[in-house]
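Could you build the full structure based on these sequences and the hints that come with them?
Residue numbers (my numbering), protein chains in the order written: chain W, 1 to 425; chain L, 1001 to 1479.
Fair warning: there could be bad hints in the mix.
Said to hold, decoys possible - Computed list of lysine-lysine pairs in PhoX-like fashion (alpha-carbon distance at most 20 Å, straight line):
{"id": "1", "chain 1": "L", "residue 1": "Lys1139", "chain 2": "L", "residue 2": "Lys1196"}
{"id": "2", "chain 1": "L", "residue 1": "Lys1069", "chain 2": "L", "residue 2": "Lys1336"}
{"id": "3", "chain 1": "W", "residue 1": "Lys47", "chain 2": "L", "residue 2": "Lys1069"}
{"id": "4", "chain 1": "W", "residue 1": "Lys47", "chain 2": "L", "residue 2": "Lys1344"}
{"id": "5", "chain 1": "L", "residue 1": "Lys1213", "chain 2": "L", "residue 2": "Lys1074"}
Stated by the list, open to error - Label-pair distances were calculated between CB atoms; the ranges are:
{"id": "6", "chain 1": "L", "residue 1": "Asp1066", "chain 2": "W", "residue 2": "Lys193", "range": "37 to 47 Å"}
{"id": "7", "chain 1": "L", "residue 1": "Lys1069", "chain 2": "W", "residue 2": "Asn8", "range": "31 to 41 Å"}
{"id": "8", "chain 1": "L", "residue 1": "Asp1066", "chain 2": "W", "residue 2": "Thr58", "range": "27 to 37 Å"}
{"id": "9", "chain 1": "L", "residue 1": "Glu1416", "chain 2": "W", "residue 2": "Gly377", "range": "27 to 37 Å"}
What the hints assert, rightly or not - Covered stretches of chain L (chain W as the covering partner; in silico rule of three or more C-beta atoms under 8 Å from a C-beta of chain W):
{"id": "10", "region": "1385-1396"}
{"id": "11", "region": "1412-1420"}
It should be emphasised that the hints constitute simulated quantities derived from the structure, not laboratory data. Please read these numbers as outputs of a predicted model, since none were measured by experiment. Glycine included, each C-beta is placed from N, C-alpha and C at the ideal position.
Each chain, letter by letter, is given below.
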Amino acid sequence: MTSAVASNLLSDLLSGPRPAEWEKLREEAEARLARRDLPTTSDEDWKYTDLKALAGITFGPAPKATVDISGHLLPEMVGTRQVFVNGHHAPHASCASAVAAGVRFLPLSTASEACHALGMVGPTHNQSPFEDLNTARFEDGAVLLVPKNMKVALPLHLLFITKAETPIAVFPRLMVVLERGAELELVEEHHGKGTYLTCPVVEIRLAEGAILHHERVQRDSDEAFHLGTLKAEVAKGGQYHSRTLSFGARLSRQQPWVRLAEGAEATLDGLALLDGAQVADTHSFMLHAEPHASSHQLHKCIVDGHARAIFNGQVLVAPKAQGTDAKQQSRNLLLSETARVDTKPQLEIYADDVKCSHGATVGALDPEELFYLQSRGLNADDARNLLTYGFAADVLTHIPVASLRRTLRQLVMARTQAASLGDFA
Amino acid sequence: MSTTLNVVTSQEYKYGFVTDIEADSVAPGLSEDVIRFISAKKGEPEWLLEFRLKAYRHWLTMTEPDWAKVNYEKPDFQRIVYYSAPKPKVAKYASMDEVDPELLRTFEKLGVPINEQASLAGVAVDVVFDSVSVTTTYKEKLATVGVIFCSFSEAVREHPELIRKYLGSVVPAADNFYAALNSAVFTDGSFVFIPKGVTCPMDLSTYFRINNKESGQFERTLIVAEEGASVSYLEGCTAPQFDTNQLHAAVVELVALDQASIKYSTVQNWYAGDKNGLGGIFNFVTKRGLCKGKGSHISWTQVETGSAITWKYPSCILLGDDSIGEFYSVALTNHKQQADTGTKMVHIGKNTKSTIISKGISAGDSSNSYRGLVKIQPRAEGARNFSQCDSMLIGHTCSASTFPYLEVQNRSAKVEHEATTSKIGEEQLFYFQQRGIPAEEAISMIINGFCKDVFRELPMEFAVEATKLLSLKLEGSVG
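Shown next as structure tokens:
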């Protein structure tokens, strides 16, 4: 069973000219793509996510465009912003005047020092075709370099906006390097309008003791396809904490891959709020490569309408990774008769002195909890909405940027119809 | 690595002897002719031969599954002997006295009671040696309450209408690669039929023995419990020690009608190969139960300690409303053993419930995986599942993996899965030793505690055997 329906997609997307820089990297990616088809549901890795919907659409190259970003500005991050529209840097919408001296936060196209480092994070095999597509065709992207021991006070804001009048394909790219002992907060947002395919690739390298807090918000348009890859390597004692919030896109897939060195820490939290015919897939890979690292994953999905949520969380503990502490939770709430959840937490352990656990639950709201709230005077709808909101809220609570936290809480409230209950934000 | 906990070296496999018995075998290889030969040898009706040939033709179009987390050299299906039977001295045994004494001695050595007088009271046994059933005890006594318990070949002759109705109704001939192979070449096995309203007066048991070096064992078990009937069935198996691999590809089908209950327990102790991974059984088995009727109940309990490679997922199709499926498993792997085992619970009917308790213990250089599927179909209002999969690692060269698939399509369902990993710690052992319990005994006690939830589900005799088996397998695990 090969993907006869969609087999032109990869070659169509590659038919345009290859951008000039990173030639070797791009050639390698193209060579790998030439040997393969789009994955189908008979591939174990894509068992629950059918890409057939991509087949009927021809995605053209993304033109330069201008957008109004006033609705996306956050008061804590004035002057620390880079904006990319349709994969191209948007200098007029960006403003990096308040970025601390020494921090390099700029478009890839102007950052010569990034040339040698790009494409070096993560395994050099088994790339998803969408990562390779990005590598072969990305126009521009963001580079973020924080020097040794610098603790950056202001959070940085990165906006990837897509404006598609006709179907287009965009390839956002981001590379983050934190040198030894550096600390940073980064907010990465994806917004868009129209029908498009976006395949973002994020590469993160944290040196010894570096700490990155990474908030990722996906609010693509309801007609969009978002097929993203994230790869992070965390050196000894480093910490990578991320939270991915998925609201948009008719089909989205997040593929985070994290490698932990000795004593490193990682958090990979996620929330997906789905309705209509949305499909949201998260395939994470947590590699405990060295001893005494710890990881924590909480992935929550609220699924309404005909929507489908998919989670596949793999934790691999390498033979020498003694003293590993890994926890993973997949929690899913079904709100409608036709919603569907497929979850597969997965542990592979090759060391004996470890503490690993995972859990998964799928279910509706607890009738006893609903009854309890109703016995306290809430009507049935309010009780349901409050519990739904509460289910989502614990992922949002720890977002450090207050205005972002507020915006997202309001968004969740609106989506769970809990707004009538007043403002808890 | 600690000083106390050292590489595990288990005791020699004590069932590894070969019985020197004259066998009636067909030449190695598989073809339609071999299938016709088996069918003719068993005097089978035309429809059964057709069933086999259809399965074989389909099998030819299939490829061996490779998704399991096991590595092995694929068997050469043309080098396997598909039919091997101890040559009877007479056409049919009228009584036990006519059975070849060599065969009797074999089962005596294995501790399997095939002599009714000498047997454990209350357990009827069907004994399968390579391709044929040797004897079935207590048949007459069971017949008085209407229970049919006999070898599969006999059932084909005596009760063709039941076999025709139920054979392949749970595991279709084309279900998977090994089930198709089995459907084409199965030789014998057990058949159990419990009529309406009858509670089987004693536990039923089948003992499987592979003896021939080249032979594969392809047995077929079919258990049918009619409305309100109930039965407890036990399965045991051993094989001699050879330095080549033998293939065991069985199919077990259970059918439970309204309010019926089937409890199926296995203690699997096929030869596991030596400590360098030479030899051992490839255990590629399809076991599935169909809870067809309302309120029916199927429970699988397995203690998997043997086999070089295990690929086995006893499953329940919960079709009837209010039906219940259970899976209790202890899988122990040592040396170079590899096990990929678990269950499937497919919830179709309303208010169906399933419980999965899986305990995996890996030692030596072994690999032990739990792979399970819980599927809640859209119509399964009020379905409920609870799964717990715990792993224990002994030593730092083994691995433990968990691959649970949860597919939920009904919002009123409640599905929970938990998994943990632990090890036998230095401190735990120290604590035991401090109180005068030697390390070896301490390990055995810790493991028994770890497996308690599963052992509790085993019938008495099996629970004792399983406990003993686990400690034997891990003997010498402390240095």
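Status of the hints after comparison with the structure:
no.	hint	verdict
1	Lys1139(L) <-> Lys1196(L)	holds, 18 Å
2	Lys1069(L) <-> Lys1336(L)	holds, 13 Å
3	Lys47(W) <-> Lys1069(L)	holds, 17 Å
4	Lys47(W) <-> Lys1344(L)	holds, 17 Å
5	Lys1213(L) <-> Lys1074(L)	holds, 17 Å
6	Asp1066(L) <-> Lys193(W): 37 to 47 Å	holds, 44 Å
7	Lys1069(L) <-> Asn8(W): 31 to 41 Å	holds, 35 Å
8	Asp1066(L) <-> Thr58(W): 27 to 37 Å	holds, 36 Å
9	Glu1416(L) <-> Gly377(W): 27 to 37 Å	holds, 31 Å
10	1385-1396	holds (count 5)
11	1412-1420	holds (count 9)
Consistency note: the structure conflicts with none of the earlier hints.
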